[in-house]
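Visitor: My request is simple: use the sequences and hints to build the entire structure.
Protein sequence lines, in the order shown, are assigned to chains A and B. The working numbering numbers the first residue of the first sequence as 198 and each following residue consecutively. The working numbering numbers the first residue of the second sequence as 198 and each following residue consecutively.
By construction, these hints were calculated from the structure, which means they are not laboratory data. What you are looking at is a predicted structure, and each value in this text was computed from that prediction instead of being measured. Idealized CB from N, CA, C, for every residue including glycine. Fair warning: there could be bad hints in the mix.
Across the chosen pairs, the derived CB separations fall in these ranges [claimed, not checked]: (1) B:Arg231 - A:Ala277: 20 to 26 Å; (2) B:Lys283 - A:Arg447: 33 to 39 Å; (3) A:Gly444 - B:Pro467: 52 to 58 Å; (4) A:Gly438 - B:Glu452: 34 to 40 Å; (5) B:Gly402 - A:Arg231: 54 to 60 Å; (6) A:Lys283 - B:Val224: 29 to 35 Å; (7) B:Gly402 - A:Gly353: 29 to 35 Å; (8) B:Ala327 - A:Ser273: 57 to 63 Å; (9) A:Arg447 - B:Ala331: 44 to 50 Å.
Which bits of chain B does chain A cover? Going by a derived footprint, with three or more residues having C-beta under 8 Å, they are [unchecked claim]: (10) 218-229; (11) 256-264; (12) 267-278; (13) 412-421.
Protein chains: 2
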Amino acid sequence: MTLTQLGAFVLVARLGSVRAAADVLGVSEPAVSRAIAALRQHLGDQLLVRDGNGMALTEGGSRLFGIASQMVALGSDAEAAVRAAKGTPARLKLLVSSTIAEFIATPLLEAFGRRWQTSFDASSGVASVAEMRALLPNRLADVALGPDLRGDATSGLVSEPVLKYRIILVTGQDFRATGPPARWPWLVDSSGTDPDSDTGRLLRGFRVPESSIRVFPNQTAAWAAAADGLGVAPAVATLVGRQLRRGELRVLDTELTPAVACWYVTTLAPERRSPAARYLRNFLSTPEAMQLMCSPGTGVSPSRFRPPVYVTIWS
Amino acid sequence: MTLTQLGAFVLVARLGSVRAAADVLGVSEPAVSRAIAALRQHLGDQLLVRDGNGMALTEGGSRLFGIASQMVALGSDAEAAVRAAKGTPARLKLLVSSTIAEFIATPLLEAFGRRWQTSFDASSGVASVAEMRALLPNRLADVALGPDLRGDATSGLVSEPVLKYRIILVTGQDFRATGPPARWPWLVDSSGTDPDSDTGRLLRGFRVPESSIRVFPNQTAAWAAAADGLGVAPAVATLVGRQLRRGELRVLDTELTPAVACWYVTTLAPERRSPAARYLRNFLSTPEAMQLMCSPGTGVSPSRFRPPVYVTIWS
DNA sequence: CACCGTGATAACCGAATGGTTAGGACCCGT
DNA sequence: ACGGGTCCTAACCATTCGGTTATCACGGTG
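Guide: As structure tokens, this is what we get:
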């Protein structure tokens, strides 16, 4: 399986014709045909089948197409990326939990950028605990902010506490909690599906069945639903201060809440740490960063706003 | 540049040693060394330099590392993906605008799954208008739901209207609109940075300067800020019904709002359409789908909730 | 039916990839 | 300075890849 073979395959799939692909590539038609044949044999699937006056993808071919397109695109990116790196600021890649992504990551990186703009080019992406554990040792990211990732000494990861926070349970003024917590309607964001997150642990602690859980795309939405009296939602105390002051939400105490938890910053062991990771780790202990994590402003100006560079792959 | 060369490079970068990589690969050390040398020459960068008792990545090498890791991983995925495709339901890949992603995509796909679960395996991802235009013709996605993508006849895309909706402007009860709209504080979600989105067009229509725009991670958050009197926010009328009924928000009329707009479904031309795309397109005209788009339930049960398959790449 | 145009296959060939062993250059420790 | 580790390079060889031309098989279309 070669990149050129994959490139030929992608082109044929896109154009729906071997001949046309050969023309575009400027090679003879059998060359393309044989590239496809090699892939067919290697993968044990027809990939492309005759369809009247052209070629159609098989189901297997369609799976391959998405992957191969990515690979080909990455291949041509590689050269450009390496060349562009000369004399360019280093990149800082930050992984964050969903809560931090929603409220803290953007202002934090904005502030970090103001200080180090010339030297670092920072961006962030959401990841589950499992993903963080996989991405950091591989250097696919420099820093993770959120959960404690210790517990596997062999991974070479170092987690350090950054900020304590209180986890509380909030609900609307008119919600009446009846029965045990496991029977309440629970309103959570997508971190509820990550068993290693605060939310996941809380749900497990109360043995909440799946039928009592509703997952919202973000915490703001879950809290809005809670304010409507639809159920209870976990929250970080400092982040719902506004809604509590306005009386939209009230705190509900249980045997497990309020609870104290802690955000951690995780990097590789000091000697393997990237310079960018070093700087961000230090930045997190500055008063400015602390301030931002305690009461982040919501919303940023669009010139500062740059969504993380995601590439969507249906694998 | 070969996949095996990239694989060797990734392994060396990960282990910090040529020798160790050679051991893992079960080949001689010069074999690995020469793979690196070939990449070095091809890309014109040292990529890895001696660093005491091992190898460290140069800036260019670190850029390549992220890309190469992806490529290698995709390469090993490819085989599995093709083999797994045999006798497997077809995949439906849906691109949606951010508004639809936040409120509609999940229940819609959930309903679609209930009807066709055995035959289709549907998932969705957020994309900007530009991304949709790029991904659909390449068959990296089957269907786009949201903006009208016509206007470029050569692309082979077909957009059909699905549902009319009203764009309104909402604000808190105590917000006093003074001066021209361009001077108001505008609270938008990330689609405000997509010039082809409804929000982007509205902001351009009022010539709102960037300094007056605050970008929130999602619309629910922007509306919550508007309810706090922090400014005005665009909204789809049917989606803020709850907040309007509760009196948290009120409608603000302007020369450009209320405006009527329309969601479109976009696919390839009928003869190039995938079967999955055909089915979803038909499903969208059913009463069930219409109902969902007009008043989507918020939140889904976690067993139904499967986040889209994202792979984060810092390119 | 004969005639296109399409894709698959065969036979051949140059070039590169990827592997080996042997030896040189370098850093680091004692 | 020496030995032991590392990485780089050179010379050699088998294999595969990617290209060609020629030929066959198939499906519409006149």
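Visitor: Against each hint, give a clear statement of whether it holds in the structure.
Guide: Against the structure, the hints come out as follows:
{"no.": "1", "hint": "B:Arg231 - A:Ala277: 20 to 26 Å", "in the structure": "24 Å, holds"}
{"no.": "2", "hint": "B:Lys283 - A:Arg447: 33 to 39 Å", "in the structure": "55 Å, violated"}
{"no.": "3", "hint": "A:Gly444 - B:Pro467: 52 to 58 Å", "in the structure": "55 Å, holds"}
{"no.": "4", "hint": "A:Gly438 - B:Glu452: 34 to 40 Å", "in the structure": "37 Å, holds"}
{"no.": "5", "hint": "B:Gly402 - A:Arg231: 54 to 60 Å", "in the structure": "55 Å, holds"}
{"no.": "6", "hint": "A:Lys283 - B:Val224: 29 to 35 Å", "in the structure": "31 Å, holds"}
{"no.": "7", "hint": "B:Gly402 - A:Gly353: 29 to 35 Å", "in the structure": "53 Å, violated"}
{"no.": "8", "hint": "B:Ala327 - A:Ser273: 57 to 63 Å", "in the structure": "19 Å, violated"}
{"no.": "9", "hint": "A:Arg447 - B:Ala331: 44 to 50 Å", "in the structure": "47 Å, holds"}
{"no.": "10", "hint": "218-229", "in the structure": "violated (count 0)"}
{"no.": "11", "hint": "256-264", "in the structure": "holds (count 9)"}
{"no.": "12", "hint": "267-278", "in the structure": "holds (count 8)"}
{"no.": "13", "hint": "412-421", "in the structure": "holds (count 8)"}
Hints 2, 7, 8 and 10 from the earlier list are contradicted by this structure; the remaining hints agree with it.
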